[in-house]
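Chains as they are written, first to last, in my numbering: chain A, 25 to 316; chain B, 8 to 285; chain C, 66 to 393.
What the hints contain is simulated information worked out from the structure, not anything from laboratory work.
Treat the hints with caution; some may be incorrect.
[Claimed, not checked] Looking from chain B toward chain A, a few residues come up when the C-beta cut is under 7 Å (computed):
id, residue
1, I68
2, K91
3, R95
4, F101
5, N109
6, Y124
7, G126
8, V174
Everything numeric in this text was worked out from a predicted model, so none of it was measured.
Idealized CB from N, CA, C, for every residue including glycine.
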Amino acid sequence: MSDLSLIKDDKEHTPRSLRRGNGKMAAGAVIFGLFILAALFAPLITTGDPAEQDLLNRLADPSSAHLLGTDQLGRDEWTRLVYAIRVDLRVAILASLIPAILGSLIGIIAGLGAKWLDTAIMRISDVVVSLPLFIFFIALVGLLGPGNGFLFLGPGELPLIIGFTLISWVVYARLMRAEVRRVRSMDYVRAAQSGGLPRWRVIVGHIVPNAIGQSIVYFFVDIGLAVVAISTLSFLGVGIPVGTPEWGAMIQSARTVMQTNWWLIAAPGAAIALAGMGLALIGDGLDDRIKS
Amino acid sequence: MSALIELDDIEVHFKVRARRSAAPVTLRAVDGVSLAVERSQCLGVVGESGCGKSTLAGVLIGLTEPTAGRVRYDGRDVDTRRSKDVRRSIQMVFQDPVASLNPRRRVRSVLAELIDYHGLVPEAGMTSALNSLMEMVNLPPRVLEARPRELSGGQRQRVAIARALAVQPEVLVADEAVSALDVSAQATVVNLLADLRAELGLTIVFISHDLGIVRTLCDRVAVMYAGRVVEEGAAETIFTAARHPYTRALLRAAPDLYRPDAGRDAPALGGDPAGPST
Amino acid sequence: MTGTEPVIEIANLVIAAGRDGVTLVDDVSLHVDAGECLGIVGESGSGKSLTLRSVLGLLPPTLIRTRGTMRFRGREDEEPRPVDPRDLRGHGVSMIFQEPMSSLNPTMRIGDLVAAGPRAQGVSRRAAADQALSLLREVGVPDPEQRVRAWPHQLSGGLRQRVMIAMALSVEPRLLLCDEPTTALDATVQDQILTLVERLRAERGLALIFVSHDLSVIARVAGRTAVMYAGRIIEQGPTRALIENPRHPYTRGLIESMPQLHGPPVRLKAISGSPPTAGRLPSGCRFAPRCPFVVDACREVDPPLLSIGPHRASACLRQAELNDGGQS
Ligand SMILES: Nc1ncnc2c1ncn2[C@@H]1O[C@H](COP(=O)(O)OP(=O)(O)OP(=O)(O)O)[C@@H](O)[C@H]1O
Ligand SMILES: Nc1ncnc2c1ncn2[C@@H]1O[C@H](COP(=O)(O)OP(=O)(O)O)[C@@H](O)[C@H]1O
Ligand code: SF4
Ligand SMILES: [Mg+2]
Ligand SMILES: [Mg+2]
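Using the sequences and the hints given, assemble the complete structure.
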């Protein structure tokens with residue numbers, strides 16, 4: 025019984041076709057990474073001040089001084105576009121991260137907790153899904169106005185984050201609940217339980233790590249969706265106020281000069297699409313990886 | 008000497024509904040099982056799919072609450088809220104070598120977590136404890152650094168046995184632990200279990216549908232049918248002089264390498280095996 | 066009845082993962098006569114299923130048959146002729162699988178499932194339904210008049226497998242391919258299915274290829290057996306002779322690692338190590354790293370499958386020394 029067979033070579037055993045997803049991941053990560061870098065090093069690659077006006081030089085065409093020209097107030101469009109990353113991604117990430125954390129915790133509680141708790145949570149989530157919360161929310165923000173900002177958040181950002189949290193925790197809670205229930209009956213979880221490990225260690229060390237994959241995938245897709253939603257709301261005037269360097273607000277204010285300075289709309293539009301696509305690619309690639 | 012494990016009239020009933028709207032019916036997965044296992048003995052439990060073997064195993068390791076009956080371990084009553092020490096004493100090896108190891112953990116981390124939690128060896132002795140566990144199950148130490156998907160089925164099953172042994176149990180419950188393996192890998196794992204029993208004095212409850220393996224490994228055999236034990240006795244008696252018709256049908260149905268036609272003249276058992284009664 | 070001419074002949078079959086990818090099935094040749102059952106046995110991953118699937122051109126999309134010819138004899142009085150695997154589907158060859166549930170369309174009733182084959186060949190609805198009924202009766206489905214209206218999920222595993230066999234028979238095949246049809250079943254149910262397969266072979270003069278990882282199952286149904294290891298047939302011969310006097314160390318290892326139901330209980334003898342990964346074969350004999358009989362010469366040439374007597378072949382350099390050498 026001297027069995028010293030070799031450990032199988034992992035790479036060899038996974039056919040190449042099953043390791044796809046790496047391409048999508050890489051493409052998505054490059055796009056997303058560029059956005060992040062641009063946001064971090066904004067002062068170095070722009071004129072440095074998105075609010076600086078040059079009233080003598082309004083609606084200028086693109087030139088070496090103004091890569092994307094200037095807007096109606098003579099502000100440098102490229103600078104505004106780059107600084108807008110900070111606003112849009114900050115809000116989108118928080119508007120996805122907070123519901124992701126809250127929703128996942130709620131999902132874990134529903135999936136592993138007492139039956140009455142599960143029933144209660146699922147009923148509440150049914151209600152959230154069935155009410156037209158988004159419309160209430162838009163109406164409310166429209167009535168109350170954007171406010172003055174909060175901590176490091178600018179005007180209009182906190183209401184957006186709260187609104188998104190109220191609505192999208194449900195997706196994470198349901199995803200997590202389903203996954204946790206699938207994983208908790210796996211043999212390795214039963215093995216950890218019968219090894220005598222306390223409940224929280226089984227949950228944290230064995231159930232959650234194997235249940236969280238789908239939520240992470242959705243998290244990345246969700247950030248992309250949030251970017252689109254935030255700029256749409258800002259465009260409609262119920263999100264980030266006009267004047268802030270924010271893609272939706274920029275499109276809104278450039279509407280009147282669409283005929284002559286079309287790039288003032290095309291550039292933020294393209295930024296929204298590119299950010300959404302990069303995040304969707306990351307999510308998709310992660311999904312492929314998890315499933316293989 | 009009283010037995011190490013005694014099961015006294017264990018019942019596990021589930022309420023199930025055929026449809027959402029249908030009235031629930033009681034499914035008797037285990038229906039009055041009494042068994043005793045002596046220390047260092049190997050008890051084989053055989054029976055067909057759905058007859059309640061895994062449910063019974065769940066009761067033994069304290070993950071399934073019986074609806075009635077008592078489990079006694081070393082003379083004491085134990086249930087699903089058993090002490091850390093009792094839980095540690097009865098360990099299980101599961102059927103599916105893919106599902107039984109956490110795919111995100113390296114072998115070392117799984118084993119060390121258990122040893123550490125139970126404080127079984129001092130900090131400094133961890134490496135040598137892990138190495139000797141690997142030696143016990145005939146795996147090279149570098150398997151410790153592997154993730155489950157890098158291992159073959161036979162290797163995984165030996166890792167699963169190592170995990171069970173890590174907490175220094177008295178009893179090993181093996182639920183179809185070799186069914187998913189090829190004959191040759193099956194033989195290494197069966198031999199390993201036999202050696203562990205001889206060397207460590209482990210008590211083994213070996214659940215299987217393969218009569219040949221049960222015969223090789225076990226000294227007592229319990230035959231289950233539809234949630235009940237229909238026959239129990241010394242292995243040789245069961246294999247040579249079975250009394251219950253179901254046991255005989257099971258023996259006759261087992262394909263035999265050297266006697267492919269043995270028992271062929273007798274009619275095969277008609278119909279499907281009975282599921283649990285409802 | 067035993068035909069003297071093979072129903073099917075496969076020569077030098079090679080299956081690879083892509084044009085110049087890893088070879089998964091390597092130079093496999095086999096034939097089956099009418100009324101004969103050929104068993105193929107080997108560990109998981111040895112290429113049994115791929116060999117069987119290639120007969121009907123049912124390989125997974127990423128794999129291709131890079132070499133090999135196939136000749137099929139459609140009728141008793143015909144000469145064997147080269148065929149395209151696809152043309153055999155539903156015309157002369159049927160196949161049954163390990164998992165009957167995933168191979169039965171869950172949205173069709175049992176009767177319609179069994180009648181579908183004949184219907185596709187232009188048999189009238191009425192006649193096909195009658196035929197389905199009698200087939201279900203023939204394969205031992207109790208109360209076939211009621212069961213024709215049942216859905217697949219309402220049947221037990223054993224009954225589903227019988228339904229699958231009835232479907233396979235409905236197109237009047239000359240050759241039936243069986244890929245571990247009893248592996249998922251309980252012993253007593255497996256016994257019933259094996260008895261049924263035996264009976265169909267004898268009564269209908271079907272040619273059968275029966276794949277299993279369990280040599281004792283093969284011993285029950287197959288008159289002749291091919292042993293596969295790492296993509297190759299390494300020994301072949303009449304089942305009885307092969308079990309009583311194996312002439313390849315791998316076959317011997319397989320037999321010795323099986324637990325026995327008779328005689329004094331003995332410790333099992335495992336084959337050391339595990340099978341090589343496809344594409345990472347050792348040089349020379351592919352069994353050499355695990356072989357207790359290995360000599361230096363074994364690592365230099367890959368021994369071909371050579372005839373070693375009437376109907377027997379072995380791919381071991383030292384097969385002669387194994388002859389009645391061990392194996393009480
Ligand atoms: N949680 C549960 N809820 C409802 N029914 C259950 C539950 N667990 C098991 N059962 C049923 O109880 C019966 C016995 O199940 P068990 O898993 O113990 O069978 P087994 O003998 O281990 O079968 P196998 O050989 O297929 O593993 C089965 O009919 C099963 O469907
Ligand atoms: N779709 C596929 N793609 C790549 N390799 C495959 C595929 N299907 C099977 N294989 C490989 O081919 C070999 C033989 O497989 P198979 O015929 O299914 O074995 P078995 O003898 O268990 O039936 C194995 O190494 C398996 O990993
Ligand atoms: S050729 Fe050599 S290595 Fe291969 S099976 Fe024969 S004795 Fe063993
Ligand atoms: Mg079970
Ligand atoms: Mg197969």
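Indices of hints not satisfied (ascending): Hint check: 7 fails alone, others pass.
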